[in-house]
Amino acid sequence: MYEENEILLDDLPKDYMEVNFGPHHPSTHGVFRFIAKIDGERIIDIDPVIGYLHRGIEKIAENRTYMQFKPLVDRLDYTGALNNELCYCLAVEKLMDIEAPPRAQAIRVICAELNRIAAHLIFFGAMGLETGAFTPLLFGFLDRETILNIFEIMAGGRLTFNYITIGGVREDIPPAVRTYFDKFKKEFPVKLKRYEELITGNEIFIKRLKNVGILKKEDLFNWGASGPVLRGSGVKFDIRKVEPYSGYEKYDFDIPVGTNGDVYDRYLVRMEEIKQSMRIVAQALDNLPSGDFTAKVPRVIKPPEGEVYVRNEGTKGEVGFYIVSKGDKNPYRLKIRTPSFSHINMLNFAASGNYIADAIVILGSFDTVMGSCDR
Amino acid sequence: MVWWSILLWALLKLVIAFLFIFITALILIWMLRKIMGHMQYRRGPRHHGPHGIWQTVFDTIKLLGKEDIIPSGVDRWTFIWAPMIIFVPSLMAFVFLPFAEKIVATNIEISLFFILAIMGLSIIALLMAGWGSNNKYALLGGVRSAAQMMSYEIPMLISAMGVVMMSGSMNLSEIVRAQQHIWYIVPQLVGFFIFGCASLAEINSTPFDIPEAESEIVSGFNVEYSGFRFAAFFLAEFVNLFIVCALAALLFLGGWLPFTNPVYGTIFFLAKTYVLIFAVMWVKSTFPRFRIDQFMNFGWKVLLPLSLANLFVTGVIVLMVDKFRGV
Numbered sequence: 005m006y007e008e009n010e011i012l013l014d015d016l017p018k019d020y021m022e023v024n025f026g027p028h029h030p031s032t033h034g035v036f037r038f039i040a041k042i043d044g045e046r047i048i049d050i051d052p053v054i055g056y057l058h059r060g061i062e063k064i065a066e067n068r069t070y071m072q073f074k075p076l077v078d079r080l081d082y083t084g085a086l087n088n089e090l091c092y093c094l095a096v097e098k099l100m101d102i103e104a105p106p107r108a109q110a111i112r113v114i115c116a117e118l119n120r121i122a123a124h125l126i127f128f129g130a131m132g133l134e135t136g137a138f139t140p141l142l143f144g145f146l147d148r149e150t151i152l153n154i155f156e157i158m159a160g161g162r163l164t165f166n167y168i169t170i171g172g173v174r175e176d177i178p179p180a181v182r183t184y185f186d187k188f189k190k191e192f193p194v195k196l197k198r199y200e201e202l203i204t205g206n207e208i209f210i211k212r213l214k215n216v217g218i219l220k221k222e223d224l225f226n227w228g229a230s231g232p233v234l235r236g237s238g239v240k241f242d243i244r245k246v247e248p249y250s251g252y253e254k255y256d257f258d259i260p261v262g263t264n265g266d267v268y269d270r271y272l273v274r275m276e277e278i279k280q281s282m283r284i285v286a287q288a289l290d291n292l293p294s295g296d297f298t299a300k301v302p303r304v305i306k307p308p309e310g311e312v313y314v315r316n317e318g319t320k321g322e323v324g325f326y327i328v329s330k331g332d333k334n335p336y337r338l339k340i341r342t343p344s345f346s347h348i349n350m351l352n353f354a355a356s357g358n359y360i361a362d363a364i365v366i367l368g369s370f371d372t373v374m375g376s377c378d379r
Numbered sequence: 002m003v004w005w006s007i008l009l010w011a012l013l014k015l016v017i018a019f020l021f022i023f024i025t026a027l028i029l030i031w032m033l034r035k036i037m038g039h040m041q042y043r044r045g046p047r048h049h050g051p052h053g054i055w056q057t058v059f060d061t062i063k064l065l066g067k068e069d070i071i072p073s074g075v076d077r078w079t080f081i082w083a084p085m086i087i088f089v090p091s092l093m094a095f096v097f098l099p100f101a102e103k104i105v106a107t108n109i110e111i112s113l114f115f116i117l118a119i120m121g122l123s124i125i126a127l128l129m130a131g132w133g134s135n136n137k138y139a140l141l142g143g144v145r146s147a148a149q150m151m152s153y154e155i156p157m158l159i160s161a162m163g164v165v166m167m168s169g170s171m172n173l174s175e176i177v178r179a180q181q182h183i184w185y186i187v188p189q190l191v192g193f194f195i196f197g198c199a200s201l202a203e204i205n206s207t208p209f210d211i212p213e214a215e216s217e218i219v220s221g222f223n224v225e226y227s228g229f230r231f232a233a234f235f236l237a238e239f240v241n242l243f244i245v246c247a248l249a250a251l252l253f254l255g256g257w258l259p260f261t262n263p264v265y266g267t268i269f270f271l272a273k274t275y276v277l278i279f280a281v282m283w284v285k286s287t288f289p290r291f292r293i294d295q296f297m298n299f300g301w302k303v304l305l306p307l308s309l310a311n312l313f314v315t316g317v318i319v320l321m322v323d324k325f326r327g328v
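Chains L and P, in that order, are what the protein sequence lines are. Under our numbering, the letters of the first sequence match residues 5 to 379, in that order. Under our numbering, the letters of the second sequence match residues 2 to 328, in that order.
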């Protein structure tokens with residue numbers, strides 16, 4: 005399949021049709037737009053157009069105090085808001101040389117992993133939708149709902165939380181989380197198994213996903229891919245293991261990797277990550293340390309002069325915050341590295357030469373969120 | 002009979018057919034929403050009437066009351082006529098569908114042949130809609146549906162031929178009568194499978210809904226349509242679903258048998274049809290969609306040889322049985 009496509013790319017046909025997809029196309033995941041040159045059913049070139057969700061968050065950061073800016077971080081990758089918050093807070097903490105107390109760290113891990121499950125469930129649903137099956141979407145969102153309920157009693161919010169603060173978390177974790185999660189832990193694996201029976205083993209689904217959009221390791225390194233996309237191609241790289249933060253080294257979990265590097269592997273990696281995240285949350289809740297939920301933080305946050313780059317494993321890949329401080333209340337410059345941006349860059353490379361239907365599936369397998377791509 | 006009574010009869014038949022088609026389509030849409038809803042842990046429509054049975058009626062009224070938008074730049078003639086033409090094949094097919102012994106609008110000797118031929122005409126409407134809309138998604142959808150119908154019509158016809166060989170008639174009533182001893186699904190299991198797959202493709206249903214692939218070409222040939230024109234496409238899709246399932250029930254499941262009483266027969270025939278419709282909706286809510294090339298491969302490399310083999314084997318067996326009986 006793949007070789008055939010490459011041959012096709014060599015002799016580009018002269019008459020092609022230009023089709024615009026997006027920014028409000030049902031499967032471009034938000035307001036992403038791409039202009040595809042197609043020859044019949046084949047895509048010969050994709051020109052991504054981004055910026056429809058650009059809000060100038062990096063510039064806004066320069067005019068806000070560190071605390072004021074934090075709510076905006078939620079709006080980057082809104083499916084995995086807590087992972088962004090965690091990364092930002094870790095960056096500021098590193099700048100100010102604060103360390104969150106163990107209890108806060110454990111709570112942060114619980115948040116981040118639950119949010120990862122929620123984000124991957126959206127991916128699961130969207131992947132089904134992209135291949136034409138509508139039911140997985142509703143199944144995915146149904147279980148995400150349970151997680152959002154846990155977040156609601158924990159943080160008050162359901163999509164954007166503002167829960168993790170510089171030095172710890174905003175409030176202590178209520179005991180009800182334990183009961184809610186236990187219930188979820190009991191029911192979810194059964195449901196997940198049922199969902200996988202519905203779609204993962206489906207002959208058509210496998211046919212649509214296998215050997216589509218194969219990406220080699222070397223190409224992925226060049227394009228700056230990270231997260232499940234990278235792991236799908238067999239690179240065992242997870243920042244939670246490589247540079248453990250927030251006490252991830254204490255938990256026992258595996259990093260699933262794919263072998264073939266196609267869309268199906270990326271899908272399987274994410275589905276396996278859901279299970280691993282469940283393990284982490286269970287461990288964290290079992291061994292929740294007692295003590296403070298926040299460190300002693302000055303009332304006015306004024307980090308000393310310096311610059312710092314902190315990264316963590318977001319739901320889609322490596323999220324990084326580069327902060328330059330001049331000793332002010334505001335950051336002098338703040339740069340956000342988001343996985344969605346790198347992955348969208350790869351789209352033309354990965355999808356051209358394939359069928360239109362494949363391009364959609366490949367874009368879906370990157371699981372991009374335009375909020376984090378455009379910032 | 003004097004001329005006006007003939008005309009009156011014809012008009013009455015037309016009105017009854019129209020009413021039946023309309024009500025069937027409304028019921029099917031409601032059924033799909035309910036079935037899909039319950040399969041997805043939802044409840045579906047439930048506010049208007051018992052279990053939301055009036056929901057689709059109100060939806061249709063809403064669609065009919067909407068502003069008629071004809072986008073600038075469309076090919077007016079094809080754009081306006083396509084939604085009307087799509088109803089013609091469905092309406093005509095109903096004329097030849099027998100519901101029970103002697104309950105059939107027009108009983109001709111080649112009714113099966115006629116229905117299958119007429120069904121193939123709906124492709125023209127889809128192509129017209131796709132071409133006339135002046136929209137690239139619509140064009141892709143129209144061309145896709147043309148390719149799809151062409152490659153799936155053949156296995157469908159050939160698989161139906163197996164039944165014709167066994168019953169020795171192209172009259173649907175005769176075919177049903179010939180199934181008195183055994184329903185043709187038993188000797189023609191392969192044919193039933195091929196007919197099922199091909200008819201799913203014929204009515205653009207999942208997993209063959211490539212012409213209206215929502216995630217790729219948004220909605221295919223009907224993107225530019227709104228209001229009552231869209232309603233026409235929407236209703237026609239469900240009417241075709243009914244016709245295809247009714248045809249399968251007649252050809253393979255023994256139609257109204259074992260009852261010859263018109264009332265029981267009709268009820269039994271409709272029950273069989275609705276079981277098949279339920280199966281289609283079940284598939285619709287659980288299956289992903291094929292890619293166009295896989296779909297074509299499936300049609301030409303699997304279904305077509307299989308249906309030819311089925312035809313050959315059926316022919317040989319029918320011949321041998323005839324020889325054996327000394328006919």
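Careful, some of the hints might be misleading.
In the SDA-like style, the derived pairs of lysine to any residue whose C-alpha atoms are separated by at most 20 Å in a straight line are [what the hints assert, rightly or not]:
#1 L/330 to L/23
#2 L/214 to L/276
#3 L/189 to L/276
#4 P/35 to L/141
#5 L/211 to P/298
#6 L/279 to L/194
#7 P/302 to L/207
#8 L/98 to L/245
#9 P/137 to L/26
#10 L/195 to P/37
#11 P/67 to P/55
#12 L/195 to P/168
#13 L/195 to P/40
#14 L/211 to L/195
#15 L/306 to L/157
#16 L/98 to L/276
#17 P/137 to L/24
#18 L/211 to P/181
These are calculated hints, taken from the structure and not from any lab test.
Cross-check of the supplied hints:
{"no.": "1", "hint": "L/330 to L/23", "in the structure": "48 Å, violated"}
{"no.": "2", "hint": "L/214 to L/276", "in the structure": "17 Å, holds"}
{"no.": "3", "hint": "L/189 to L/276", "in the structure": "15 Å, holds"}
{"no.": "4", "hint": "P/35 to L/141", "in the structure": "17 Å, holds"}
{"no.": "5", "hint": "L/211 to P/298", "in the structure": "12 Å, holds"}
{"no.": "6", "hint": "L/279 to L/194", "in the structure": "12 Å, holds"}
{"no.": "7", "hint": "P/302 to L/207", "in the structure": "17 Å, holds"}
{"no.": "8", "hint": "L/98 to L/245", "in the structure": "19 Å, holds"}
{"no.": "9", "hint": "P/137 to L/26", "in the structure": "13 Å, holds"}
{"no.": "10", "hint": "L/195 to P/37", "in the structure": "18 Å, holds"}
{"no.": "11", "hint": "P/67 to P/55", "in the structure": "19 Å, holds"}
{"no.": "12", "hint": "L/195 to P/168", "in the structure": "48 Å, violated"}
{"no.": "13", "hint": "L/195 to P/40", "in the structure": "14 Å, holds"}
{"no.": "14", "hint": "L/211 to L/195", "in the structure": "24 Å, violated"}
{"no.": "15", "hint": "L/306 to L/157", "in the structure": "31 Å, violated"}
{"no.": "16", "hint": "L/98 to L/276", "in the structure": "32 Å, violated"}
{"no.": "17", "hint": "P/137 to L/24", "in the structure": "9 Å, holds"}
{"no.": "18", "hint": "L/211 to P/181", "in the structure": "42 Å, violated"}
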